[in-house]
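Enquirer: Using the sequences and the hints given, assemble the complete structure.
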Amino acid sequence: MDTNVTTRPAAEADTAVIVPAVDIVEDEHGITLKADLPGVSKEELAIGIDGDNLTIEGTVKLGESSRMQPVYAEIRVAHYKRSFVLSRDLDGAKIDAAMKNGVLTLTVPKAEAAKPRRIAVRAD
Amino acid sequence: MYPSLTSFSGDLFAEFDSLQRQLDHLMGLRGWPSSIRAAGRGAYPAINVGSTEDAVEIYAFAPGIDMSRLEVTVDKGLLTIAGERASDVPEETDKVSVYTRERFAGAFKRVVSLPADVDSSRVEATYRNGVLRIAIPKLEAAKPRRIEVKTH
Chain B
326 MDTNVTTRPA AEADTAVIVP AVDIVEDEHG ITLKADLPGV SKEELAIGID
376 GDNLTIEGTV KLGESSRMQP VYAEIRVAHY KRSFVLSRDL DGAKIDAAMK
426 NGVLTLTVPK AEAAKPRRIA VRAD
Chain W
11 MYPSLTSFSG DLFAEFDSLQ RQLDHLMGLR GWPSSIRAAG RGAYPAINVG
61 STEDAVEIYA FAPGIDMSRL EVTVDKGLLT IAGERASDVP EETDKVSVYT
111 RERFAGAFKR VVSLPADVDS SRVEATYRNG VLRIAIPKLE AAKPRRIEVK
161 TH
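Going down the list, the sequences are from chains B and W. Here the first sequence stands for residues 326 to 449, numbered as in the numbering used here. Here the second sequence stands for residues 11 to 162, numbered as in the numbering used here.
Please keep in mind that the hints were generated in silico from the structure rather than gathered at the bench. A couple of the hints might just be wrong.
Capping the alpha-carbon separation at 20 Å, the derived lysine to aspartate or glutamate pairs in EDC-like fashion look like this [said to hold, decoys possible]:
#1 B/Lys406 x W/Glu112
#2 B/Lys386 x W/Glu67
#3 B/Lys425 x W/Glu94
#4 W/Lys105 x B/Asp352
#5 W/Lys153 x B/Glu389
#6 B/Lys435 x W/Glu102
Expert: Quick look at the structure:
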């Protein structure tokens, strides 16, 4: 193999990611985010919170033979990454994450103070 | 050709990408002829095909599928992956807001033409982490073998 052709600078390798498709829905309890991350196991998934930033990252591991030769490829990058900015009314500390069949489901609950409540109107 | 999809080194399919780009460069082609059954970018499920000495392996990136709604068939050298993925997005009401709806929902079908040297009577399919892996062994006659050289 000609390494001059196939080896690329590390900086470029770091930036090559797939942005996963997501569905984002909000109800009165909070926000539910679903992301397609096919080929990512629970162990290869990383969910990070930094301040208001929520980042989802995953690595594809197919477990293929090292002798395999590619014939045709639509997925040519083995990393997924996508970031979101949470708002103050969401409780980033109570995020729940579940992975099933390559689909990540994240639920971000609303902070207690931000839940809708009825404001009583006093009559003086 | 796909500047945003450049592979990193060591990736299984990086070699393919680099080969394709070299060919594009050498032949002055902008669009390398693609398979006639290839779907546009972003099609569901995305498919990779690889080959070893023993088998041809097809990887379909099909997250969130109910196995009972997935059908894999082989007929006359064509492998078909068909099924349906139900939408996970609820109806929008006064209490439910839908902000982003990017994930594929609905019926899908992808067709891959198999090489002539595979034994399509022994197809093996497994589904793991949202990836459907289909392995089709090569015919014994097509496998590489070592030829003994006799000395007289």
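Enquirer: All hints, please: hold or fail.
Expert: Here is how each hint holds up against the structure:
1. B/Lys406 x W/Glu112: 15 Å, holds
2. B/Lys386 x W/Glu67: Holds - the C-alpha atoms of W/Glu67 and B/Lys386 are around 15 Å apart, at most 20 Å.
3. B/Lys425 x W/Glu94: Distance of about 17 Å is within 20 Å: holds.
4. W/Lys105 x B/Asp352: Distance of about 6 Å is within 20 Å: holds.
5. W/Lys153 x B/Glu389: 19 Å, holds
6. B/Lys435 x W/Glu102: 19 Å, holds
In terms of the numbered hints stated before, the structure departs from none.
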